[in-house]
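S.K.: I would like the entire structure built from these sequences, with the hints used as guidance.
In order, the protein sequence lines correspond to chains Z and P. The opening residue of the first sequence carries number 2 in our numbering; numbering runs sequentially from there. The opening residue of the second sequence carries number 2 in our numbering; numbering runs sequentially from there.
Derived from the structure by calculation, the hints contain no laboratory data. Computed from a prediction, not measured in an experiment: that's the story for all the values here. Careful: at least some of the hints might be erroneous.
EDC-like mimics (lysine to aspartate or glutamate), calculated; alpha carbons at most 20 Å apart, straight line [claimed, not checked]:
| id | chain 1 | residue 1 | chain 2 | residue 2 |
| --- | --- | --- | --- | --- |
| 1 | P | K303 | Z | E213 |
| 2 | Z | K12 | Z | E115 |
| 3 | Z | K84 | Z | E35 |
| 4 | P | K262 | Z | D282 |
| 5 | P | K310 | Z | E206 |
| 6 | P | K310 | Z | E213 |
| 7 | P | K42 | P | D18 |
| 8 | Z | K15 | Z | E131 |
| 9 | P | K303 | Z | D292 |
| 10 | P | K78 | P | D113 |
| 11 | Z | K262 | Z | E131 |
| 12 | Z | K303 | P | D113 |
| 13 | Z | K303 | Z | E293 |
| 14 | Z | K303 | P | E293 |
| 15 | Z | K303 | P | E298 |
| 16 | P | K310 | P | E298 |
| 17 | Z | K310 | P | D151 |
| 18 | P | K42 | P | E88 |
| 19 | Z | K182 | Z | D149 |
| 20 | Z | K310 | P | E66 |
| 21 | P | K303 | Z | D18 |
| 22 | P | K303 | Z | E131 |
| 23 | P | K310 | Z | D151 |
| 24 | Z | K303 | P | D18 |
| 25 | P | K84 | P | E285 |
| 26 | P | K303 | Z | E293 |
| 27 | Z | K310 | Z | E293 |
| 28 | P | K70 | P | E115 |
| 29 | Z | K303 | P | D292 |
| 30 | P | K303 | Z | E115 |
| 31 | P | K262 | P | D148 |
| 32 | Z | K262 | P | D282 |
| 33 | P | K78 | P | E115 |
| 34 | Z | K42 | Z | D74 |
| 35 | P | K12 | P | E130 |
| 36 | Z | K303 | P | E206 |
| 37 | Z | K310 | P | E206 |
Protein chains: 2
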Amino acid sequence: LRTIEWDAERKQVKMIDQRLLPGRLSYIYCQSGEQVSHAIKTMAIRGAPALGVAGAFGVALAMLELSQKRPVDWYEKLLSSCKSLEESRPTAVNLAWGVNRVLSLINPQHSDLEGAARIALEEASRIAEEDVATNMQLAINGSALIDDGDTIIHHCNTGALAGVDWGTAFGAIRFAHEQGKRVHVLVDETRPRLQGARLTAWECEQYGIPYEIITDNAAGYYLRNGRVQKVFFGADRVTANGDVVNKVGTYMLSLAAQANKIPVVCVFPITSVDLSVDNGDEVEIEERPMDEVLSLEMNGVKIAPANAKARNPAFDVTPFQLITAWVTDKGIIRSQFSQIIKRYVYNKPSDGK
Amino acid sequence: LRTIEWDAERKQVKMIDQRLLPGRLSYIYCQSGEQVSHAIKTMAIRGAPALGVAGAFGVALAMLELSQKRPVDWYEKLLSSCKSLEESRPTAVNLAWGVNRVLSLINPQHSDLEGAARIALEEASRIAEEDVATNMQLAINGSALIDDGDTIIHHCNTGALAGVDWGTAFGAIRFAHEQGKRVHVLVDETRPRLQGARLTAWECEQYGIPYEIITDNAAGYYLRNGRVQKVFFGADRVTANGDVVNKVGTYMLSLAAQANKIPVVCVFPITSVDLSVDNGDEVEIEERPMDEVLSLEMNGVKIAPANAKARNPAFDVTPFQLITAWVTDKGIIRSQFSQIIKRYVYNKPSDGK
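M.R.: Spelled out as structure tokens, the structure:
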């Protein structure tokens with residue numbers, strides 16, 4: 002079960018349509034960069050690592066199309082495809098990273114467009130493979146922070162569905178479970194798009210991990226009454242100072258955890274680090290359609306007045322002071338994030354921006 | 002428009018069925034204590050002050066029924082009705098207060114049961130009238146803390162629908178609006194039952210108060226980015242030390258407000274104070290059916306796997322240290338709650354327990 006992969010027979014990118022889960026496991030196929038952009042925008046695929054891979058495949062598909070049509074201004078067209086891919090979700094840094102890693106291999110002066118397309122596809126496939134290995138390493142590293150008997154509050158979806166496989170924070174929980182540690186997950190539903198209730202709960206069922214769904218509001222209740230040992234989540238972007246830009250609600254959850262001395266663990270690949278930005282307040286926060294807030298139904302009744310307006314920021318900023326541990330594929334950082342992270346990222350420039 | 006009232010023609014208690022809002026404004030009629038208990042349990046009526054009035058009318062209806070059937074053990078039957086009324090929602094203290102205020106006027110030795118029923122009904126109607134006056138006073142007192150131009154995050158529903166009229170925290174906002182102060186309300190949706198999106202947004206539309214709905218998760222984003230001047234909510238029970246037991250999510254909201262130096266204003270009638278309990282951690286927190294968490298649909302898709310389990314605490318405890326101002330009908334308390342509240346409650350024993 003892979004969230005996104007290359008279908009060699011169809012010559013298309015195959016991805017799980019996450020909008021239909023948990024009701025139905027079904028796939029969509031993309032044959033152009035544009036279709037990938039659309040899948041990202043409508044959140045058929047989401048999750049920072051998965052977006053990196055989707056972006057890479059999007060460039061490969063765009064290059065494939067150009068190699069068939071061979072327009073004179075093919076490179077400008079490729080750049081424009083890359084731009085719309087990047088802009089389909091502005092906050093997660095992995096998307097731009099995946100796009101640029103493939104783009105950087107394409108030589109504008111080259112005339113062998115089929116060769117360029119082959120190179121692009123190979124690189125995208127390599128990124129997908131690396132994603133599995135990186136996230137497996139994240140799972141191993143993160144699981145070290147989980148003790149037998151832990152009850153963990155988990156925000157959003159950071160499991161296999163957020164990457165090609167394993168994902169980030171949830172991968173660590175899954176690995177701890179596979180090691181035989183008894184874990185219990187309080188899956189917060191994660192409004193507005195309910196990735197917790199829809200996707201993380203579904204993944205818990207796939208792996209047999211004990212869980213219960215709670216509303217986002219109930220996290221404070223459980224953190225305060227001593228029933229929770231850890232809080233785990235991923236990151237869409239981590240800035241140079243260690244601020245975490247992640248799914249909206251992460252900030253309040255982290256505040257409530259810190260107020261009750263519960264460790265806050267953020268798990269992400271080094272590719273989610275953006276050293277070009279000093280702190281989280283400089284990151285553009287995507288505001289998504291208000292329909293995501295207003296379109297719910299409860300017992301057949303629309304949950305808001307017909308003319309209601311809503312605001313819908315998709316992310317928030319959790320200041321580094323609230324994070325107990327940053328778990329990366331290179332190792333765990335417990336303090337002095339800004340110093341240590343530079344060493345990790347600069348030592349392996351191919352992993353950085 | 003009254004949330005709950007005596008219908009003299011039908012000799013029944015008439016209440017707005019809040020489960021059908023904002024889709025449809027319709028009423029239910031109760032002719033027995035049992036029907037009132039059921040309306041409370043299923044949340045056709047909710048909100049601390051409204052529950053006090055409902056409880057009072059419930060006792061009156063029970064006494065009316067007994068005065069017609071005249072069983073020998075009528076007083077035991079009355080006590081048992083009172084007990085199930087009180088237990089229909091265990092956390093809000095107003096419910097028990099309303100029930101006991103009517104019950105205390107019934108003399109077990111009396112044989113004029115019609116007279117007792119008349120007394121009970123008069124007292125329940127008086128409680129309803131007092132509720133309007135008290136909440137009007139709350140609105141006046143609370144509005145003093147609202148400045149022209151304020152953007153206010155409001156939790157749950159505390160408007161007219163939470164009382165007979167006016168309500169508590171939202172009444173203050175409505176009064177400020179009627180005074181000509183420009184206010185803007187960020188209505189948090191208040192999962193699981195979405196009283197914010199469903200009821201508070203509907204009330205904003207009734208009074209022409211500018212508002213936008215946000216998810217509960219988004220409150221932290223707006224508190225942190227300087228766009229909010231106040232946080233307002235009500236209380237289901239306030240303990241002797243000033244801890245506030247209120248709709249789940251109040252605690253995290255208050256933490257995020259305090260972390261960003263935004264005033265946290267809690268508005269409630271003196272009848273919501275329970276001096277018999279030292280602090281919030283001693284209050285029984287009602288856990289409601291998991292269906293309230295799991296039964297949502299988004300674009301026709303159930304939001305959780307078919308076999309999912311959920312936990313659903315209806316309230317949480319906000320420690321007194323997080324409250325900037327406790328607004329009561331007797332006045333505003335800004336510090337030393339435990340000393341000052343005793344003076345208010347003891348001076349008017351008929352308002353206390």
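S.K.: The structure should be examined with respect to each hint, and the outcome stated for every one.
M.R.: Here's how the hints hold up against the structure:
no. : hint            : in the structure
1   : P:K303 x Z:E213 : 16 Å, holds
2   : Z:K12 x Z:E115  : 14 Å, holds
3   : Z:K84 x Z:E35   : 11 Å, holds
4   : P:K262 x Z:D282 : 18 Å, holds
5   : P:K310 x Z:E206 : 11 Å, holds
6   : P:K310 x Z:E213 : 5 Å, holds
7   : P:K42 x P:D18   : 13 Å, holds
8   : Z:K15 x Z:E131  : 18 Å, holds
9   : P:K303 x Z:D292 : 17 Å, holds
10  : P:K78 x P:D113  : 16 Å, holds
11  : Z:K262 x Z:E131 : 35 Å, violated
12  : Z:K303 x P:D113 : 49 Å, violated
13  : Z:K303 x Z:E293 : 13 Å, holds
14  : Z:K303 x P:E293 : 15 Å, holds
15  : Z:K303 x P:E298 : 10 Å, holds
16  : P:K310 x P:E298 : 16 Å, holds
17  : Z:K310 x P:D151 : 18 Å, holds
18  : P:K42 x P:E88   : 9 Å, holds
19  : Z:K182 x Z:D149 : 5 Å, holds
20  : Z:K310 x P:E66  : 47 Å, violated
21  : P:K303 x Z:D18  : 15 Å, holds
22  : P:K303 x Z:E131 : 34 Å, violated
23  : P:K310 x Z:D151 : 18 Å, holds
24  : Z:K303 x P:D18  : 15 Å, holds
25  : P:K84 x P:E285  : 16 Å, holds
26  : P:K303 x Z:E293 : 15 Å, holds
27  : Z:K310 x Z:E293 : 11 Å, holds
28  : P:K70 x P:E115  : 11 Å, holds
29  : Z:K303 x P:D292 : 17 Å, holds
30  : P:K303 x Z:E115 : 45 Å, violated
31  : P:K262 x P:D148 : 16 Å, holds
32  : Z:K262 x P:D282 : 18 Å, holds
33  : P:K78 x P:E115  : 16 Å, holds
34  : Z:K42 x Z:D74   : 26 Å, violated
35  : P:K12 x P:E130  : 18 Å, holds
36  : Z:K303 x P:E206 : 16 Å, holds
37  : Z:K310 x P:E206 : 11 Å, holds
Hints 11, 12, 20, 22, 30, 34, counting from the list given before, are not met by this structure.
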